[in-house]
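Start from the sequences, fold in the hints, and give me the full structure.
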Amino acid sequence: KKLAGRGSIRFILIQNRAGKTRLAKWYMQFDDDEKQKLIEEVHAVVTVRDAKHTNFVEFRNFKIIYRRYAGLYFCICVDVNDNNLAYLEAIHNFVEVLNEYFHNVCELDLVFNFYKVYTVVDEMFLAGEIRETSQTKVLKQLLMLQSLE
Amino acid sequence: MLAGSRPGVGKAATSRRLAPLCSPSPGKSKEAEIKRINKELANIRSKFKGDKALDGYSKKKYVCKLLFIFLLGHDIDFGHMEAVNLLSSNRYTEKQIGYLFISVLVNSNSELIRLINNAIKNDLASRNPTFMGLALHCIANVGSREMAEAFAGEVPKILVAGDTMDSVKQSAALCLLRLYRTSPDLVPMGDWTSRVVHLLNDQHLGVVTAATSLITTLAQKNPEEFKTSVSLAVSRLSRIVTSASTDLQDYTYYFVPAPWLSVKLLRLLQCYPPPEDPAVRGRLTECLETILNKAQEPPKSKKVQHSNAKNAVLFEAISLIIHHDSEPNLLVRACNQLGQFLQHRETNLRYLALESMCTLASSEFSHEAVKTHIDTVINALKTERDVSVRQRAVDLLYAMCDRSNAQQIVAEMLSYLETADYSIREEIVLKVAILAEKYAVDYAWYVDTILNLIRIAGDYVSEEVWYRVIQIVINRDDVQGYAAKTVFEALQAPACHENLVKVGGYILGEFGNLIAGDPRSSPLVQFNLLHSKFHLCSVPTRALLLSTYIKFVNLFPEVKPTIQDVLRGDSQLRNADVELQQRAVEYLRLSTVASTDILATVLEEMPPFPERESSILAKLKKKKGPSTVTDLEDTKRERSVDVNGGPEPAPASASAAVGPSPAVPACCDGLGNNLLLFCSLMSRGVSQPQRAFPKHPRISAGGSEFVCKNNGVLFENQLLQIGLKSEFRQNLGRMFIFYGNKTSTQFLNFTPTPVPRCGLDSLTRTHLNLQTKPVDPTVDGGAQVQQVVNIECVSDFTEAPVLNIQFRYGGTFQNVSVQLPITLNKFFQPTEMSSQDFFQRWKQLSNPQQEVQNIFKAKHPMDTEITKAKIIGFGSALLEEVDPNPANFVGAGIIHTKTSQTGCLLRLEPNLQAQMYRLTLRTSKETVSQRLCELLSQQF
Numbered sequence: 001k002k003l004a005g006r007g008s009i010r011f012i013l014i015q016n017r018a019g020k021t022r023l024a025k026w027y028m029q030f031d032d033d034e035k036q037k038l039i040e041e042v043h044a045v046v047t048v049r050d051a052k053h054t055n056f057v058e059f060r061n062f063k064i065i066y067r068r069y070a071g072l073y074f075c076i077c078v079d080v081n082d083n084n085l086a087y088l089e090a091i092h093n094f095v096e097v098l099n100e101y102f103h104n105v106c107e108l109d110l111v112f113n114f115y116k117v118y119t120v121v122d123e124m125f126l127a128g129e130i131r132e133t134s135q136t137k138v139l140k141q142l143l144m145l146q147s148l149e
Numbered sequence: 001m002l003a004g005s006r007p008g009v010g011k012a013a014t015s016r017r018l019a020p021l022c023s024p025s026p027g028k029s030k031e032a033e034i035k036r037i038n039k040e041l042a043n044i045r046s047k048f049k050g051d052k053a054l055d056g057y058s059k060k061k062y063v064c065k066l067l068f069i070f071l072l073g074h075d076i077d078f079g080h081m082e083a084v085n086l087l088s089s090n091r092y093t094e095k096q097i098g099y100l101f102i103s104v105l106v107n108s109n110s111e112l113i114r115l116i117n118n119a120i121k122n123d124l125a126s127r128n129p130t131f132m133g134l135a136l137h138c139i140a141n142v143g144s145r146e147m148a149e150a151f152a153g154e155v156p157k158i159l160v161a162g163d164t165m166d167s168v169k170q171s172a173a174l175c176l177l178r179l180y181r182t183s184p185d186l187v188p189m190g191d192w193t194s195r196v197v198h199l200l201n202d203q204h205l206g207v208v209t210a211a212t213s214l215i216t217t218l219a220q221k222n223p224e225e226f227k228t229s230v231s232l233a234v235s236r237l238s239r240i241v242t243s244a245s246t247d248l249q250d251y252t253y254y255f256v257p258a259p260w261l262s263v264k265l266l267r268l269l270q271c272y273p274p275p276e277d278p279a280v281r282g283r284l285t286e287c288l289e290t291i292l293n294k295a296q297e298p299p300k301s302k303k304v305q306h307s308n309a310k311n312a313v314l315f316e317a318i319s320l321i322i323h324h325d326s327e328p329n330l331l332v333r334a335c336n337q338l339g340q341f342l343q344h345r346e347t348n349l350r351y352l353a354l355e356s357m358c359t360l361a362s363s364e365f366s367h368e369a370v371k372t373h374i375d376t377v378i379n380a381l382k383t384e385r386d387v388s389v390r391q392r393a394v395d396l397l398y399a400m401c402d403r404s405n406a407q408q409i410v411a412e413m414l415s416y417l418e419t420a421d422y423s424i425r426e427e428i429v430l431k432v433a434i435l436a437e438k439y440a441v442d443y444a445w446y447v448d449t450i451l452n453l454i455r456i457a458g459d460y461v462s463e464e465v466w467y468r469v470i471q472i473v474i475n476r477d478d479v480q481g482y483a484a485k486t487v488f489e490a491l492q493a494p495a496c497h498e499n500l501v502k503v504g505g506y507i508l509g510e511f512g513n514l515i516a517g518d519p520r521s522s523p524l525v526q527f528n529l530l531h532s533k534f535h536l537c538s539v540p541t542r543a544l545l546l547s548t549y550i551k552f553v554n555l556f557p558e559v560k561p562t563i564q565d566v567l568r569g570d571s572q573l574r575n576a577d578v579e580l581q582q583r584a585v586e587y588l589r590l591s592t593v594a595s596t597d598i599l600a601t602v603l604e605e606m607p608p609f610p611e612r613e614s615s616i617l618a619k620l621k622k623k624k625g626p627s628t629v630t631d632l633e634d635t636k637r638e639r640s641v642d643v644n645g646g647p648e649p650a651p652a653s654a655s656a657a658v659g660p661s662p663a664v665p666a667c668c669d670g671l672g673n674n675l676l677l678f679c680s681l682m683s684r685g686v687s688q689p690q691r692a693f694p695k696h697p698r699i700s701a702g703g704s705e706f707v708c709k710n711n712g713v714l715f716e717n718q719l720l721q722i723g724l725k726s727e728f729r730q731n732l733g734r735m736f737i738f739y740g741n742k743t744s745t746q747f748l749n750f751t752p753t754p755v756p757r758c759g760l761d762s763l764t765r766t767h768l769n770l771q772t773k774p775v776d777p778t779v780d781g782g783a784q785v786q787q788v789v790n791i792e793c794v795s796d797f798t799e800a801p802v803l804n805i806q807f808r809y810g811g812t813f814q815n816v817s818v819q820l821p822i823t824l825n826k827f828f829q830p831t832e833m834s835s836q837d838f839f840q841r842w843k844q845l846s847n848p849q850q851e852v853q854n855i856f857k858a859k860h861p862m863d864t865e866i867t868k869a870k871i872i873g874f875g876s877a878l879l880e881e882v883d884p885n886p887a888n889f890v891g892a893g894i895i896h897t898k899t900s901q902t903g904c905l906l907r908l909e910p911n912l913q914a915q916m917y918r919l920t921l922r923t924s925k926e927t928v929s930q931r932l933c934e935l936l937s938q939q940f
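Taken in order, these protein sequences are the chains called A and B. So that you can map any letter, position 92 of the first sequence is 92 in full-length UniProt numbering, and since no number is skipped, the others follow by simple counting. So that you can map any letter, position 56 of the second sequence is 56 in full-length UniProt numbering, and since no number is skipped, the others follow by simple counting.
Treat the hints loosely; a few may be bogus.
As the list claims (entries may be wrong) - Here are a few chain B residues that face chain A, going by a calculated C-beta distance under 7 Å: (1) Asn90; (2) Thr93; (3) Leu100; (4) Ala140; (5) Arg178; (6) Asp247; (7) Leu248; (8) Tyr251; (9) Trp260; (10) Asn308; (11) Ala309; (12) Asn311; (13) Glu316; (14) Thr347; (15) His497.
For the record, the hints were derived by calculation from the structure and aren't laboratory data. A virtual CB, placed ideally from N, CA and C, is assigned to each residue, including glycine.
In structure tokens:
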């Protein structure tokens with residue numbers, strides 16, 4: 001599938017070691033079967049790699065930048081000529097925000113508060129691009145939204 | 001963080017209610033879960049259908065449950081309307097769940113789209129930044145064409161309005177980006193564009209971060225309109241990189257100031273050539289130097305986050321330096337920096353350094369610097385644990401290879417191949433084959449290398465590779481004896497790969513005579529050796545061997561009885577495989593009835609293959625994508641011209657007129673195809689098989705349709721059909737003209753004469769030489785005659801030659817004149833080049849007389865694939881990923897004439913909205929630019 005334009009995220013996936021998806025955010029049109037296939041393929045590609053391996057792996061015509069936190073894999077699929085380290089740290093920045101927001105985040109937080117996780121994602125990534133990188137600004141906005149609940 | 005699962009569950013009220021649905025209770029089965037879910041779905045359905053209207057809170061609760069069930073992987077087919085209702089709620093939580101449901105579950109062609117768009121419209125107009133944000137995020141997430149139609153006008157206004165909140169601006173910028181990606185035609189540039197550029201100056205770094213992505217994408221397609229972004233980006237970048245690590249406060253990440261924004265700005269700058277304004281350029285160089293300097297400073301933190309963020313910026317800066325490819329000093333510094341990373345303890349850095357160095361290797365400024373790291377890279381090949389790192393090492397060795405180190409690199413790759421991962425073997429085989437060919441000074445070395453390849457990794461040696469070795473051996477007579485001897489020796493091995501049998505069979509069939517003088521490799525010994533492998537081979541290989549045998553009959557009359565015995569055997573003559581049986585029958589017959597002369601003609605040695613781009617290179621490009629295969633030779637202009645063949649062995653002899661079978665390329669192969677051919681050869685009637693031409697009648701005045709193709713029907717009326725087949729190489733060409741008599745009556749005094757037409761200045765010199773022989777003056781009814789025209793292009797020309805045909809038909813004299821489609825572009829040889837090279841040369845050809853431009857209306861539908869095919873058919877290389885705007889097409893090639901070679905660059909910019917094209921040609925010769933521009937303009 002040919003992508004439109006360069007330099008954007010195709011999807012973000014959070015999966016656990018068993019392959020259960022904890023977040024799937026798509027920035028490209030895929031039908032449900034394709035999504036399921038991608039989820040399985042990413043899981044297969046990423047879980048076989050060990051700590052001595054790079055955090056990058058070629059994936060179809062794209063690449064996956066991923067990082068493992070405890071039992072969860074955070075994966076971002078980008079263009080082959082995108083900046084690997086920038087996305088690797090974007091993952092970490094995102095995880096630090098989640099950690100702060102959920103006060104020491106764990107897998108179940110992502111399960112039960114899925115709708116909040118989507119909000120965090122949209123604050124930090126939008127249209128497949130990095131939207132906001134300041135943890136202070138993102139958290140301030142999240143707390144403001146929380147106060148509206 | 002995420003250190004393990006805590007016993008507690010979520011905190012919010014909603015989450016506790018969801019808990020029973022998903023608790024992973026190990027004892028219970030999948031069926032039990034489905035049962036529970038179905039019960040819950042039935043409950044929700046009844047709530048939605050109930051008489052009592054649900055309040056917002058309950059509606060939200062149930063829609064949220066539905067979403068949750070969907071995310072667990074179950075289908076949801078209701079609740080959409082309730083979700084849409086939530087959009088008009090005034091409570092944030094209700095609205096948010098509504099929008100989330102829509103983004104996750106509603107597809108673009110839903111009939112609800114009108115209702116949804118209405119709600120979005122209200123929220124956009126609400127002046128409530130939270131609601132505006134939700135609506136913009138929804139548009140950005142769904143990004144459908146309907147939404148683009150509805151909001152492409154509104155979003156830019158929100159983006160540039162003075163009173164829009166910063167966070168809304170951020171969302172609006174990226175929302176617009178999404179709409180532009182899905183439907184660029186619905187997002188016309190306008191007053192807002194210049195104001196968007198100025199967002200690069202915004203106080204709020206989050207706004208700059210979002211806007212930079214938008215501007216980068218827009219600039220790729222409209223480089224002129226966003227040109228001013230260059231100086232703004234440079235000054236923004238400069239302020240960031242020179243700031244103290246605390247200046248940017250919340251945008252400093254582990255002591256690195258605004259790393260993501262820096263990366264984005266550096267990427268934006270990669271849409272453009274180096275800034276022309278010396279001040280801007282100087283400032284940018286300073287920035288890049290500062291970034292390189294910082295890499296040498298001691299780290300401010302031991303955390304990996306610090307070094308990653310810092311290096312993200314560094315790698316992007318290096319990409320920009322490579323993209324500009326104009327500052328030797330920076331390129332060499334970049335190379336040295338990457339050299340340090342090659343030995344870093346972080347695998348990520350080693351990987352990225354290998355990858356980045358690969359592009360540096362193709363710059364003439366840094367190629368030598370890259371080469372100094374060869375030992376480290378070879379070591380990486382041997383010691384890296386991660387296969388993707390080893391893969392990058394192979395890529396880099398390939399990129400840094402040149403004449404000085406080719407033998408070493410090929411040897412290292414071959415030895416790595418013995419243990420290489422299966423996943424990358426085929427690619428290594430292709431690379432070794434290409435390098436061995438490209439840098440072969442000694443063709444014996446080349447033959448040895450390829451045979452080694454087959455020995456080590458025979459299964460991964462694709463057809464292209466072994467076709468290629470045969471093409472090269474056939475084209476170079478100095479290596480034929482050596483090749484015959486070497487394959488003969490290799491075939492002695494008790495178990496050899498089938499690909500070796502193919503190569504061996506082919507080469508001995510052609511050149512076995514060169515070693516037949518040695519009693520150890522006498523004809524009979526050669527035959528017995530090949531035949532000992534025969535029964536273990538697959539059908540295509542056996543078919544090829546049969547052809548070798550018939551070639552032996554011609555080369556070595558003394559083995560003819562032995563071979564006839566073999567062909568006569570039941571296992572051949574009655575073989576269940578029709579191809580084998582047919583070959584056996586035909587070859588046996590041929591060996592019996594044909595005279596020595598005819599045998600010698602039919603089984604003549606293969607003529608040289610035409611020189612074209614290496615088919616292996618083409619395959620590697622296909623495998624890796626064109627941009628990843630850097631053809632260093634092109635950049636360094638030291639092309640080896642002597643060996644170059646096509647993707648398939650070309651039908652170069654009369655025997656191949658039927659066309660080579662796709663599976664086995666072979667000398668003898670056309671032969672095996674049918675007896676008809678044999679008969680036609682026997683009778684010497686050179687009739688071209690009818691199927692060479694399309695059947696449907698078409699009248700052509702030799703118009704522009706032949707500019708981009710070489711074969712087809714040139715002319716047809718009720719009496720006569722004229723077909724063409726032509727091939728061109730450098731400044732020479734050969735055209736086969738086929739005249740078909742469509743009537744049942746003879747044509748008499750048939751005299752076709754091609755004549756070059758007189759251009760204005762042709763009184764003094766000839767531009768085009770045409771040579772041909774007269775054809776038989778009588779053409780029988782229903783028959784076809786062929787005329788061969790040899791063409792030499794002396795200098796560039798505009799007027800195409802004319803073909804005058806005169807003949808008598810039933811008492812009347814007929815006269816036909818058609819233009820022969822020999823146009824200047826036929827003498828085009830494609831040239832691949834990198835983006836840097838292209839633009840560097842483009843700039844060098846900037847005199848007004850070197851450029852010719854034409855803006856014209858599209859005459860045909862503007863289809864990308866067709867356009868690409870036309871540009872390739874025109875003869876130039878189609879350069880992918882060279883133009884920053886992917887909608888444009890760029891090409892490059894050389895026009896060969898006897899007196900000169902003219903480098904040509906072309907760029908075609910389609911404008912879909914206006915249905916127009918702009919075509920620009922730059923060559924060193926005005927007349928060439930002019931003519932090519934005319935010719936190509938007619939094609940669209």
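Restraint: B:Leu100 near chain A, CB-CB cut 7 Å. Satisfied or not? 6 Å, holds
B:Asn308 as chain A interface residue, shortest Cβ-Cβ below 7 Å: Status holds, d = 5 Å.
Should the hint that B:Tyr251 touches chain A count as held when the rule is a Cβ pair under 7 Å? 5 Å, holds
Residue hint B:Arg178, partner chain A, criterion CB-CB below 7 Å: With Cβ-Cβ at 4 Å, under 7 Å, it holds.
When the nearest CB of chain A is found for B:Asn311, is that gap smaller than 7 Å? 5 Å, holds
Holds or violated: is there a CB of chain A closer than 7 Å to the CB of B:Asp247? Not OK, violated: B:Asp247 not within 7 Å of chain A, min 14 Å.
For the hint on B:Ala140, does the least C-beta distance to chain A fall short of 7 Å? 5 Å, holds
B:Asn90 as an interface hint toward chain A, with CB separation required under 7 Å: Cβ of B:Asn90 sits 11 Å from chain A, so the hint is violated.
Hint check: 7 Å Cβ-Cβ cutoff, B:Thr93 to chain A: 5 Å, holds
Tell me if B:Leu248 is really an interface residue toward chain A, meaning its C-beta lies closer than 7 Å to one of theirs. 9 Å, violated
Cut-off 7 Å, beta-carbon criterion: hint that B:Glu316 touches chain A: B:Glu316 check passes; min Cβ-Cβ to chain A is 5 Å, inside 7 Å.
B:Thr347 as chain A interface residue, shortest Cβ-Cβ below 7 Å: 5 Å, holds
Taken one by one, the earlier hints fail for this structure at numbers 1, 6, 7 and 15, listed in ascending order.
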